[in-house]
Structures are given as structure tokens and as C-alpha cells.
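Throw the hints in and build the complete structure from the sequences for me.
If you're matching them up, the sequences are chains P and A in order.
What the first sequence shows, in UniProt numbering, is residues 1 to 556, in sequence order.
What the second sequence shows, in UniProt numbering, is residues 1 to 556, in sequence order.
Just so you know, not all the hints are guaranteed correct.
Because identical chains cannot be distinguished in the list, a pair is counted as satisfied if it fits within a single copy or across any two copies.
[As the list claims (entries may be wrong)] The calculated EDC-like cross-link candidates involving lysine to aspartate or glutamate, where the alpha carbons are at most 16 angstroms apart (straight line), are:
#	residue 1	residue 2
1	K58	E471
2	K385	D422
3	K180	D523
4	K180	E471
5	K180	D26
6	K385	E299
7	K385	E471
8	K88	D26
9	K180	E33
No lab work stands behind these hints: they were computed from the structure.
One letter stands for each residue in the lines below.
There are 2 protein chains.
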Amino acid sequence: MTTAADLYASHRELLERAITAAAARDYWSAFPESPSKSVYGEDAAPAGERAFAALLGKPFPVDVPGAAGTVSTERSPYGIELGVSYPKADPLALVAAARAAIPSWRAVGPEGRAGIATEILRRINARIFEMAHAVQHTSGQAFVMAFQAGGAHAQDRALEAIAYALAATTRMPARSAWSKPQRGGDPLSMVKTGTVVGRGVALVIGCTTFPTWNSYPGLFASLVTGNPVIVKPHPGAVLPLAITVQICREVLTEAGLNPDVVTLAAEEPGDGIAATLATHPDVRIVDFTGSSEFGDWLEANARQAVVYTEKAGLNTVVLDSTGDYRGLLRNLAFSLSLYSGQMCTTPQNILIPRAGIETDDGHRTPEQFGADLATALDKLLGDPKRAAGTLGAIVNDAVLARLTEAAGSPGVVHPSAEVTDDQFPGATIRTPVLLRLDAADEKTYTREWFGPVSFLITTDSTEHSLRVFTETVRAHGALTALVHSTSPEVLAAAREAALDAGVHLSENLTGGVFVNQTAAFSDLHGTGANPAATASLTDDYFVSGRFFTLQSRHHV
Amino acid sequence: MTTAADLYASHRELLERAITAAAARDYWSAFPESPSKSVYGEDAAPAGERAFAALLGKPFPVDVPGAAGTVSTERSPYGIELGVSYPKADPLALVAAARAAIPSWRAVGPEGRAGIATEILRRINARIFEMAHAVQHTSGQAFVMAFQAGGAHAQDRALEAIAYALAATTRMPARSAWSKPQRGGDPLSMVKTGTVVGRGVALVIGCTTFPTWNSYPGLFASLVTGNPVIVKPHPGAVLPLAITVQICREVLTEAGLNPDVVTLAAEEPGDGIAATLATHPDVRIVDFTGSSEFGDWLEANARQAVVYTEKAGLNTVVLDSTGDYRGLLRNLAFSLSLYSGQMCTTPQNILIPRAGIETDDGHRTPEQFGADLATALDKLLGDPKRAAGTLGAIVNDAVLARLTEAAGSPGVVHPSAEVTDDQFPGATIRTPVLLRLDAADEKTYTREWFGPVSFLITTDSTEHSLRVFTETVRAHGALTALVHSTSPEVLAAAREAALDAGVHLSENLTGGVFVNQTAAFSDLHGTGANPAATASLTDDYFVSGRFFTLQSRHHV
Numbered sequence: 001m002t003t004a005a006d007l008y009a010s011h012r013e014l015l016e017r018a019i020t021a022a023a024a025r026d027y028w029s030a031f032p033e034s035p036s037k038s039v040y041g042e043d044a045a046p047a048g049e050r051a052f053a054a055l056l057g058k059p060f061p062v063d064v065p066g067a068a069g070t071v072s073t074e075r076s077p078y079g080i081e082l083g084v085s086y087p088k089a090d091p092l093a094l095v096a097a098a099r100a101a102i103p104s105w106r107a108v109g110p111e112g113r114a115g116i117a118t119e120i121l122r123r124i125n126a127r128i129f130e131m132a133h134a135v136q137h138t139s140g141q142a143f144v145m146a147f148q149a150g151g152a153h154a155q156d157r158a159l160e161a162i163a164y165a166l167a168a169t170t171r172m173p174a175r176s177a178w179s180k181p182q183r184g185g186d187p188l189s190m191v192k193t194g195t196v197v198g199r200g201v202a203l204v205i206g207c208t209t210f211p212t213w214n215s216y217p218g219l220f221a222s223l224v225t226g227n228p229v230i231v232k233p234h235p236g237a238v239l240p241l242a243i244t245v246q247i248c249r250e251v252l253t254e255a256g257l258n259p260d261v262v263t264l265a266a267e268e269p270g271d272g273i274a275a276t277l278a279t280h281p282d283v284r285i286v287d288f289t290g291s292s293e294f295g296d297w298l299e300a301n302a303r304q305a306v307v308y309t310e311k312a313g314l315n316t317v318v319l320d321s322t323g324d325y326r327g328l329l330r331n332l333a334f335s336l337s338l339y340s341g342q343m344c345t346t347p348q349n350i351l352i353p354r355a356g357i358e359t360d361d362g363h364r365t366p367e368q369f370g371a372d373l374a375t376a377l378d379k380l381l382g383d384p385k386r387a388a389g390t391l392g393a394i395v396n397d398a399v400l401a402r403l404t405e406a407a408g409s410p411g412v413v414h415p416s417a418e419v420t421d422d423q424f425p426g427a428t429i430r431t432p433v434l435l436r437l438d439a440a441d442e443k444t445y446t447r448e449w450f451g452p453v454s455f456l457i458t459t460d461s462t463e464h465s466l467r468v469f470t471e472t473v474r475a476h477g478a479l480t481a482l483v484h485s486t487s488p489e490v491l492a493a494a495r496e497a498a499l500d501a502g503v504h505l506s507e508n509l510t511g512g513v514f515v516n517q518t519a520a521f522s523d524l525h526g527t528g529a530n531p532a533a534t535a536s537l538t539d540d541y542f543v544s545g546r547f548f549t550l551q552s553r554h555h556v
Numbered sequence: 001m002t003t004a005a006d007l008y009a010s011h012r013e014l015l016e017r018a019i020t021a022a023a024a025r026d027y028w029s030a031f032p033e034s035p036s037k038s039v040y041g042e043d044a045a046p047a048g049e050r051a052f053a054a055l056l057g058k059p060f061p062v063d064v065p066g067a068a069g070t071v072s073t074e075r076s077p078y079g080i081e082l083g084v085s086y087p088k089a090d091p092l093a094l095v096a097a098a099r100a101a102i103p104s105w106r107a108v109g110p111e112g113r114a115g116i117a118t119e120i121l122r123r124i125n126a127r128i129f130e131m132a133h134a135v136q137h138t139s140g141q142a143f144v145m146a147f148q149a150g151g152a153h154a155q156d157r158a159l160e161a162i163a164y165a166l167a168a169t170t171r172m173p174a175r176s177a178w179s180k181p182q183r184g185g186d187p188l189s190m191v192k193t194g195t196v197v198g199r200g201v202a203l204v205i206g207c208t209t210f211p212t213w214n215s216y217p218g219l220f221a222s223l224v225t226g227n228p229v230i231v232k233p234h235p236g237a238v239l240p241l242a243i244t245v246q247i248c249r250e251v252l253t254e255a256g257l258n259p260d261v262v263t264l265a266a267e268e269p270g271d272g273i274a275a276t277l278a279t280h281p282d283v284r285i286v287d288f289t290g291s292s293e294f295g296d297w298l299e300a301n302a303r304q305a306v307v308y309t310e311k312a313g314l315n316t317v318v319l320d321s322t323g324d325y326r327g328l329l330r331n332l333a334f335s336l337s338l339y340s341g342q343m344c345t346t347p348q349n350i351l352i353p354r355a356g357i358e359t360d361d362g363h364r365t366p367e368q369f370g371a372d373l374a375t376a377l378d379k380l381l382g383d384p385k386r387a388a389g390t391l392g393a394i395v396n397d398a399v400l401a402r403l404t405e406a407a408g409s410p411g412v413v414h415p416s417a418e419v420t421d422d423q424f425p426g427a428t429i430r431t432p433v434l435l436r437l438d439a440a441d442e443k444t445y446t447r448e449w450f451g452p453v454s455f456l457i458t459t460d461s462t463e464h465s466l467r468v469f470t471e472t473v474r475a476h477g478a479l480t481a482l483v484h485s486t487s488p489e490v491l492a493a494a495r496e497a498a499l500d501a502g503v504h505l506s507e508n509l510t511g512g513v514f515v516n517q518t519a520a521f522s523d524l525h526g527t528g529a530n531p532a533a534t535a536s537l538t539d540d541y542f543v544s545g546r547f548f549t550l551q552s553r554h555h556v
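Structure, rendered in C-alpha cells:
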């Protein structure tokens, strides 16, 4: 049997490298993002596709303690029939099974748990092509994006969380010696132990757009800090997390541990199992990604737990001036188009002074800028095949309904169009809509329009833009912000504004880095400092609330 | 002018030593606990006494923004007239002043803030004798204890919090370089900054028994992580925190900073200013020490803030067997007597098997043990002068009322007696009461009897004792636990029980270490894992929720 300690020994070097990278926050990646044969081997792509196809139309093979009956709730945004069914969870049985797994999981210790977690990741990576298809056909991400964001990048974020959790749980020594000098006598001497104890049962509530990327940090952070985890996928995106849970249980079982350390909670839409679980007295950690409405509800009601949420926000772009106008347009058009704006990081509010902006292509009024950005969008999305690869598919009817509402509003600068995908004729693919608004139209732009809807908003000046930026983000949250300016003073003011707003800032992106993308081990995702999220992925705060260190002491 | 950066430079070595000690958790102390002339100098004691005397009967010299009128609310448990008055706080004015101080305090940066905080501590230490009198005459601690717990140990805990806060806020680099290789092209290169931003206005709510020791960790952790702090003392123990705030403002002013980074919120009893401040939307951090009732209220109602509470609990002793019976009795008698059991760490519930315990002095039944412990108490407290030095004075009428209630209950094994202090004839001094109960009397012993009241509780067996221990502590909390056993199996079971209960454990204390004392830089105080406290003093979790790290990034 390969024990947890063996797995730690075999992954130790990788874990130490990951801890170093997470601390330095320079460039590092453990899992290659390229789906090329030279990286993953000749057979990896077809084998992954076969593995995915073999799952369709069948009950998914995963044990769920106390499950009764099955549910089948997914529908591919690409129009293919999925028909995968999952055991229907009984929330009380899941909590009981998780509780029963606590003592033995605690006894494994931080290093052993990190060993198990890293082995799980290694096996997830070995099934990356299968996972990419699963992510594509639940989230609607195009295949390459699903491979990257749902595969390699999610795995990197998971490893980052493991690294933070291992570092945090081993920073306090497991054993220390204490010797206090006494006047005219022998010193008082004691030995002290420090034992990491998880907070309790953890719950991870997944979302439909990034089922793995957004769930992995909480899942792996909770595991390594000593907590059993119940994984509750969104009914629209079960498969990627079912595969994940299957692998978790396989690794746990092979290491001689209780597989109920990780369980799957699949439900019918509307069963409300997330609320039931999140408010159960034994559930002490909740990780959630999704709507502000349910996130706020969890924060208010899951009082017995620490709650980590990532919700919606008003991602903002402040346009002041640029030395690379074409680069700005290309970069921004791609940011608006990638995965049809269905990223929690896609810019929604683009602020531009009424008097226009200075660029290396001359002065541009708001009207001209809107036309130029529309042209850039058309250029990027002109070829249907390439467009489909960038846009992916619309994940559900709610996004489509918002798009329709926006498309029918006045001030459309770039209309949304349908795109046909040769490979998947049933796919729902749309280009983004861009509307012009005035700073006074705050009723419209302070609402989050999740999906391919953005606003070009006219303000009185860059100073006014920064004020609107700070005020709206403080009040409604944001995960990303971008400023374009050639003026050091404006950039300095934008940085102060971002500190006041509590949001990370990107400056003058005109090349191959996009405001909606963050790199594991370097960029933090979310801050905790504005309403869009309660914590960053991934830092010490994200892991330190998941465990306690309990001491014992006795004389030598 | 001595800037924050200068202060960091001059205290850097001490700070680095403190960070090393906090990480190693071996023995270290920065502030000498002995009030001897050889340590603090010939004149320190009389000068401190004169300084204290000079404060009495006068308005205390501290500026409070927006204050109107004065309050004078303290009464010495030693019976002397204090008559110090303080500016009466206007909570809204305090929050406004604190908010206004945020941007400049943020700009000082972690190292500069740690420099300021350490300079504050150095000056508090220079006034340690004056502070000891202030603590004695508000809390009722005997002078030497006030000097140690209220002086040197509080200062060590403060430095520990500064060390954790500085380490946590500098772990993420302030600047990092990121360079991602690109196939067939130049790498994508960026520079990224990380800026520490405090969560917002912090509130520290002090208690009457340990006005400095329990307030300093939150105060200094919030300061170093970038937050202005409003210090709200208990109306019965204002002076120690007023001196502290005075020194904070003096150091801030001398460094050219806004003194409103630290303000004093004095009130009339019943003004309810703590509740007003704790629920103000701009107050984002609350540190509280005191009753479970108000602590629970804060956790439920101060929803806009992170809330760190230390409340009441059922500190428990499990007696199984001992190889040093006399040491056990001496040690336990002292733990029950020190500061008349008015420590949040004093044992309340002493569990003993009905069949008795084995000792090196032979078998002892519960009845015999009760008599032996009573004898040990009488021996320790037989000499009134020495007794007064151990017991200190009763802090207030509520403690006295509980003592009277217990003393009138059946099963008294050791009655409480009055003790007269020659130096302070008006002092209220009492020896502890010990009562015998059965495990079935849980209505009595699952209530916290803060003060000199303890119960010797008969159980069916040591196994039963451990079960009672785990169940009562899980439900009602505890800050300390102690087991006496010569059996490795019982000690191992006790450690597991303590992990399940979520409490730190001391084993076989028979010498000069007492269960109610914790050493800064080595012992954690509180765990967060049971209802008595939400966090430990001091670990990463205690500091990591007080700040965010915000990034900016741009291409090189």
C-alpha cells in the first residue's frame, strides 16, 4: 500500500517548489497549459475524448454514502446529449459520513494530507483531456479554454492552495522545547506539541462557468488543513467535479484511508441542498462561487461556519490615454469576447471622459472610441471558426435573457450576433453587445450584467472616472480593474483609487496579458476588500481560518 | 523628527528576534518580569508610584477628537480613592477621526507601522511601575502580578502580535517580476506590486480584569496591519488603557503622523458605546474580551466586521493518578488562588473518579482529595500578607455575589474566608471556595462561575471524566485544561479528548508552571476551536483577517 507518508515523500520536491513559487509570486506553473502532443503525448487527446464519450448516457461510477436514486441534470451548451446520471445525495448522510472521517484524517497530519492532495492532482492532470471535454460540455467554454482554465490552470490554482495550506499548517512547530531561567535554581523546562485540527466538515459549492477552477482552491485548502469536504456541484456542471471526487476517493482508498473524506452532493435543481448543508451545525467551512444573492444569503445565514464567497461585481476599465491604441483595442476586444464575457473577471463598465482620450493614433471622442472598439470586435470575431474558439457557448438561458435585454436597449454600439459552429451545430454562440451610457445612468451600470454585455460610459473627466470607479466598486464589488494612461500622475491616482476601492489593478494591457486572466502563484484573484469576494485565491487568509493549532505541554 | 522608518531601523533587530522566537515557540521574553532594582534601576519603583499618584483626582491628559464633558467611573478594589476623569467619547466623532487617519497610516507601510508600534511598547515598558499601579487599582491584581501580567507579560504578548503582523504583512513581496515564456516569441513580462491595506477602523473592547494583557494583542495586530484603532476600555479599568492611548498618540505625533490612528472611547457604564461602535458600518475589526453574553451578541450583530472574542468557559482538570501528589496539590491550590480565580484560565471543574486516584502518597478517595486540596489551600493562604499577594482583590460586586451564592450551597469542601491587607485596609480579599458535586449535577457545573469558585466533581471513571470534559468544553468552551496521570494510555486519551474538545492541554503540572499561565512566544492562549474564543493569541489566523494585499501589474 502506498501510504499518505509515501505520497508526501514522492511529491515533496514539487510541494517545496510550489511553496517557494507561491511566496515569490513570480512566474511558475506545474501543469502545462498546452494541449499539444509534444507535451501530453500522442495518444492523450484521442484517449481523453474516448474516456469522455464512454461516460455519456450512463450512471457515473462514484460511491456516495447514503445516496438514494439518481439525478441527471446537465445540458451541453454545445447541444450534444450528455445523459450522465449521478447518485442523488442525502445531505444528512453526507454530513454524518464526513464527521466520521474526521479523526483518521486529522491523524494523517499536514504532510500526509498534502501528499494525498498532490497525488489527487497528479491523477486529475493525467485525465486532463477527458476533463476538458467535461468542462466544455457543461460550462460552454471552448475546448482549448476548457483545457487551460478548467484543466491546467485549475490544477495550478489547486497546487497553490495546497502549498499555502501546507506552509500555514507547518509554520508552527509540531514540537518545541521551552526552558525558562529561574533565579537561583534550575530552569523550568517543558516540551510542547502543536497539533493541527481542522475546523470541521467543509462544503464546496461549485458554479456552472468554472466548475473546477473556482472549486479547487477551497477543496484542496480544506483537505490539507484537515477537513473532510462535501463537494456540491452546480446541477448544470456536475461532471467535472464528479470526476474530481471519483479521483479523490480512489486515492484515499488506495492509501488505506476513509474515502468519505471527499463526497459528492448531486441534486435536482431546486432541491436546495446547498442551503441545507451550509447551515448544518457540523458544517464549519463553506466555499462558494456564484451569484451575489446566494453568496450574501450564505454569509448571513451560515453563521456556524467560516464562509468564503466569490460573487458578482462591476469590473471596470478607466480610459485616460494610451501610447498603443491598436494594442488597447485588440486587448480589450479579446477581454470582452473571451468565453462570451461569462468570466467573473470580464470588464463590464468602461469609463471614458466626455472630451475623449489622447492616443498614438490621435484624439478619440467617446463616439469614435465606441466605433473603433466595435470594429476591433468584428475583426476579432469575423471568422466564425476562430470566433467560436474564442467565444465558447452561452452557458444557460439566464445569460441569454440578459443579452437579449441589453441588445434591445438604446445606445447599442456593437450589436450581438449569432455564430455558427461547424463542429457543434446545436451550440448557442453569441458575440458581445456594447452599449453607450452616461455616468448618470447608474441604475443600469451598477447592476451586474453577467455575460457578453458591456457599457461604454461617458464621464466628465478621468478624475470623475476614478471617482465613479471607486464608489461603484466599494458599493457593488469587482474582481478586476484596468486603467489605460500615459500619465504617471493618472496611473498613481488610479493605484490609490484601486486601493480605496479594494480591487487589484492592471495597467496599460495592450499585449498578450488580459485583465480577465490571473496566473496562479503570481496574481491574486479577488481581494476580500470589496463586496465581490471575501478572500483572495490564494493567500494565508484563505487557508488560516480552516484549522486550529492545539498545544499540549508537559515538563521534561 | 524621528520618522516611522527611523523607528523601524532602530527596532529592527528586536523585531527580527521576536519573529524568530514566535516561529520557534521556544522560550523568549523581551520585557523583564522582575520588578527588581537590578533590572529596572534604583529609582524606577518610587518614580512609578509618584507618577501614578500624580494622576489621581484629576482629568487624565489625553486628547480625544469630538469629546464633550468627562467621565470618572473607576473604583479601586483596594479601596483607595482614584478620581481620575477622562474625556467622554462621541462614538461618531471617533469613527470619523479614525477614517480620516486611514490613508496616511496605510502609506506608512508594514515596517514603519511595526517601528511605531515597537516604540510605543518601549515607552509603555519605561512606565511599567506606573502601569502596574494603574492595573492593580482597577483590576484588583496584587502589585507583583499587575507588574508581570499587566506589564511585562502584556508587553511580550503585544510584541508577539507585532511580530506576527509584521511577518504576515511582509510575507507577500511588495514587488515581484513575472516572466512567462511564449512559444516562438519573447516572454510576457510584467512587474507586480503588492500593497497591504487594512480592513478598516478597528475597535478594541477591554475587560476589567486584564485591561492591558487582553487588549494589547488586538490593538497592536490591528495597528501594524494598517488599521486605526478605537480603544474602548471597561468603565472599571480605564486608566491602564488611557496611559496606553496617551503613549500611542505621543509616538504618532512625534513621528509626524495623525495621532487619531489611536483614540480612547471612555463612557459612563450603561452608555452602550461598545455596541454602537461595534455595529458602525465603518468599523471592520472588533476585538473583545469579556462575558459570553456580550461576546455572543457581538458575533451575531457586528456583521460588517471580523470579530475576535475571548469569552468565558469551563476550564477543566482531569485527575487520574499522579507520581507527585504534594506537587499536584501545591500547584492546583496556587492555580485556584492566584488573583482569586479571576483569570479566564482558572480551573473551575475538577473531575475525579468515584473510586479515587492512585498517588505516590497512596490511594485517595474523592473525599480525601477534597480534604487534602482544602489543606493545601489553607497552607498556601495561611499567612494574610502572603495570601493578599497571591489573591489580589475581588474586582467587583458580581464576582462577590457569585462567591456568596457558591459559599451558601451544599457540599462546601473549602469555605471562602476574608483576608485583611495591612497596606490597603479597604481591600476586598477572599480565599476560594471549593464545592463537591457529582457528574449528574451538570446544571451547576456547566455554568461559568467566574471568580474564586471551583467544583470537585465525582465521575464513574477516568474515561467518564474525559467524556464529560470533551462534551462540556465542546458545548460551553474552555481556555485551559489539565490532566494528571501516570499512565501513558490515559495521557494519550486525554490528548485526543483535548483535540476533540478543541482546547490546549497541560499535563502533570506539579512545579512552577501553572495551568492558568501562558507564556508569550510559546504558549497559545485560546484556540478558536471551542466556544470560549474565536482565535488564539497569537497566530497567523489572529492577524491575517485584519488586512488585504492588493496588487497592481503592468508590463515591463
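How the hints compare with the structure:
For a Cα distance limit of 16 angstroms, the shortest separation of K58 from E471 qualifies neither inside one copy, at 50 angstroms, nor across copies, at 46 angstroms. In this homomeric assembly, K385 and D422 come within 16 angstroms of each other (Cα to Cα) only inside a single copy, at 8 angstroms, whereas the closest approach across copies is 95 angstroms. For a Cα distance limit of 16 angstroms, the shortest separation of K180 from D523 across copies, 13 angstroms, qualifies, whereas the shortest one inside one copy, 44 angstroms, does not. Neither within a single protomer nor between protomers do K180 and E471 lie at most 16 angstroms apart by alpha-carbon distance, with minima of 54 angstroms and 34 angstroms respectively.
Taking the shortest alpha-carbon separations for K180 and D26, only the inter-copy value of 9 angstroms comes in at or below 16 angstroms, while the best intra-copy value is 42 angstroms. Proximity of K385 and E299 under a CA criterion of 16 angstroms is satisfied in neither setting, with 42 angstroms inside one chain copy and 55 angstroms between copies. In this assembly of identical chains, K385 and E471 lie within 16 angstroms of each other by CA distance neither inside one copy nor across copies; the values are 40 angstroms within and 64 angstroms between. Neither within a single protomer nor between protomers do K88 and D26 lie at most 16 angstroms apart by alpha-carbon distance, with minima of 43 angstroms and 51 angstroms respectively.
In this homomeric assembly, K180 and E33 come within 16 angstroms of each other (Cα to Cα) only across copies, at 12 angstroms, whereas the closest approach inside a single copy is 54 angstroms.
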